[in-house]
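Trainee: Chains as they are written, first to last, in the working numbering: chain A, 1 to 117; chain B, 1 to 116.
Hints in this document: simulated from the structure, not taken from any laboratory. Any given hint might turn out to be false.
[Unchecked claim] List of simulated lysine-lysine pairs, DSS-like, C-alpha gap at most 30 Å:
| hint | chain 1 | residue 1 | chain 2 | residue 2 |
| --- | --- | --- | --- | --- |
| 1 | A | K49 | B | K14 |
| 2 | B | K14 | B | K57 |
| 3 | A | K49 | B | K9 |
| 4 | B | K71 | B | K57 |
| 5 | A | K49 | B | K71 |
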Amino acid sequence: AQSVTQLDSQVPVFEEAPVELRCNYSSSVSVYLFWYVQYPNQGLQLLLKYLSGSTLVKGINGFEAEFNKSQTSFHLRKPSVHISDTAEYFCAVSPPFLSGSARQLTFGSGTQLTVLP
Amino acid sequence: NAGVTQTPKFQVLKTGQSMTLQCAQDMNHNSMYWYRQDPGMGLRLIYYSASEGTTDKGEVPNGYNVSRLNKREFSLRLESAAPSQTSVYFCASSPGTEIPSDYEQYFGPGTRLTVT
């Protein structure tokens, strides 16, 4: 089984400052990793994903994340945030394909990013 | 394409009432999912359907039933609502193939349910 820990439930940051949202996972097998964003009163949309290859993954809206296998981490970063980045961010993991099964995601508890003017 | 749609958007129930949450996707996806979202707990999987004709329990299935009506539609039923089922419910779908890039799930806008 997999589990995901998002170490910070709330992260306030001033506009144009850099931000890092932390995510650690545990799994006995290799996993695929995802970051989703949820804007107020909306569903989740994918920011970026790590499947294989380069450990630095770039996503939408200027976000990027780095997969670190030895630290079992997948932290999300943005060099300069905007007011419009205020949202809740979820890290998720998915185990490798199992024939006949759905591709289940296990989510972390979420990090509320609030960008202050 | 509308993507994943959910109805209703909001619902208030009294304890013991029943209701069905509807979900449909127009992306020809094989797999569909129901999650509930509670503050500080992220999203927890209630039920999922790997493909048309199959359904399986997720992490928190008690008090719920599902029906995969056809490839497009996946409904969630609360037979006797309880205050503990007050939550935001999300439906999602994914292509459901072996290709890793198809692991992404696409989410609907959610249903906000209050049980009094």
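Trainee: Confirm or reject each hint.
Mentor: Hint by hint, here is what the structure shows:
no.: 1; hint: A/K49 <-> B/K14; verdict: violated (41 Å)
no.: 2; hint: B/K14 <-> B/K57; verdict: holds (25 Å)
no.: 3; hint: A/K49 <-> B/K9; verdict: holds (29 Å)
no.: 4; hint: B/K71 <-> B/K57; verdict: holds (18 Å)
no.: 5; hint: A/K49 <-> B/K71; verdict: holds (26 Å)
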